[in-house]
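Heads up: the protein sequence lines correspond to chains A and B, in order.
Count along the first sequence from 1, add 172, and you get the number used in my numbering.
Count along the second sequence from 1, add 13, and you get the number used in my numbering.
The calculated BS3-like cross-link candidates involving lysine-lysine, where the alpha carbons are at most 25 Å apart (straight line), are: (1) B/40 with A/239; (2) B/34 with A/239; (3) B/72 with B/55; (4) B/40 with A/294; (5) B/17 with A/331; (6) A/386 with A/396; (7) B/77 with B/40.
Just so you know, these hints were derived from the structure itself, not from any lab.
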Amino acid sequence: MAKIIGGITTSHIPAIGIAMDKGLEDTPYWKDFFAGYPPVREWLNEQQPDIAIVFYNDHGLEMFLDKKPTFALGCAPRYENADEGWGIATIPAVTGETELSWHIANELIEDDFDPTICQEIKVDHGLTVPLSLMYPGHNYQHLKVIPVCINCERYPMPKPSRCYALGQAIGRAVESFAGEQKVVVFGTGGLSHQLDGERAGIINSSFDLECMDKLVNDPEALTKYSNDDLVEVAGAQGVELNMWLAMRGCMLGNVKEVHRNYVAPISNTGAGLQLLINE
Amino acid sequence: MSSKHRDVPGTIFFDGPMSTKGYSLNKMCYSFNNADAREAFKSDEAGYCDKFGLTEEQKEAILKRDLNALLRLGGSVYYLAKFAGLLGLNMQDIGGMQTGRTKEEFQAYLDSQGRGKNNG
Numbered sequence: 173m174a175k176i177i178g179g180i181t182t183s184h185i186p187a188i189g190i191a192m193d194k195g196l197e198d199t200p201y202w203k204d205f206f207a208g209y210p211p212v213r214e215w216l217n218e219q220q221p222d223i224a225i226v227f228y229n230d231h232g233l234e235m236f237l238d239k240k241p242t243f244a245l246g247c248a249p250r251y252e253n254a255d256e257g258w259g260i261a262t263i264p265a266v267t268g269e270t271e272l273s274w275h276i277a278n279e280l281i282e283d284d285f286d287p288t289i290c291q292e293i294k295v296d297h298g299l300t301v302p303l304s305l306m307y308p309g310h311n312y313q314h315l316k317v318i319p320v321c322i323n324c325e326r327y328p329m330p331k332p333s334r335c336y337a338l339g340q341a342i343g344r345a346v347e348s349f350a351g352e353q354k355v356v357v358f359g360t361g362g363l364s365h366q367l368d369g370e371r372a373g374i375i376n377s378s379f380d381l382e383c384m385d386k387l388v389n390d391p392e393a394l395t396k397y398s399n400d401d402l403v404e405v406a407g408a409q410g411v412e413l414n415m416w417l418a419m420r421g422c423m424l425g426n427v428k429e430v431h432r433n434y435v436a437p438i439s440n441t442g443a444g445l446q447l448l449i450n451e
Numbered sequence: 014m015s016s017k018h019r020d021v022p023g024t025i026f027f028d029g030p031m032s033t034k035g036y037s038l039n040k041m042c043y044s045f046n047n048a049d050a051r052e053a054f055k056s057d058e059a060g061y062c063d064k065f066g067l068t069e070e071q072k073e074a075i076l077k078r079d080l081n082a083l084l085r086l087g088g089s090v091y092y093l094a095k096f097a098g099l100l101g102l103n104m105q106d107i108g109g110m111q112t113g114r115t116k117e118e119f120q121a122y123l124d125s126q127g128r129g130k131n132n133g
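The whole structure should be built from the sequences, with the hints applied where relevant.
So, in structure tokens, the structure goes:
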């Protein structure tokens, strides 16, 4: 059976991609942030996962307000990145996956989840920045990526509890897939931040750290929050925690944290990184 | 069940009514993913707004770079970010613009909640 070998949470903000393009990793502003990544890269290099399921949100590259899925699942052999309008460099195409992804699609429907199935979508920084972070020099083509896009931009948005349950359903689907594939799951985005309005700039580091603790040992507690709760305590874009919860849902059973880093502010956010593995 | 959101001061929930109100504005900003569209806007800002059917208020807010007005008029931050990018502004620039701070003051506010918390 295919197996989920671990879960990774990471920020996905565009400023990270821009910093990598400019070679700023060792500058005072960035060094604490980038110093967190080598242990995760080493783990990926040792484990050599075949497939990565990446929970991300589309910030207006592929999905406009005209047709906007609540949950979308990619089943394509390849995904292109493209100009997002404000200066992050376009990166090479991402390799997709067409067997486990369709199996997940079938299993999700049986499990009463009804995602939009996508055979051709452009993927934005929400998905590409994490890949660039894990595989510097854009050396990620060997990894087959299954994108799972969650609406975090327009209300009504899926609830945290629902995102966690989606992850659990995907975790069960992976476990029922006949194959020997090693699968890693990424929860991207977050943590506390607000980009818009008179309240722009709020960061709640103590909440972020509490989320990282609970994500390991008590994720159910995080599913008790509503999206409005998250906005109030963690800023308008604090709802990106939903991608982390979906990742955690995939990891059925007990997990342990083997690596963590947290730096705030990175751009306008609290930037968290965690590597979780099944016990 | 009501779709009304909690009152969080300084925050506009981008929901159905706001999405309806701001559709043309956001559609224009979405077009800025395309480099030719960015150039077309720069060469005739008001004309480009008219092409997308913005209201007079929305057009005025675009011309004045009034981001808080644009949010009130249905703009989504994700599309307004593309407008900001076209103007050469980053998230700290627009953070300052929306909160009545200079960029440096806004950065200091961010720092005060994180790495600068224990450094005064």
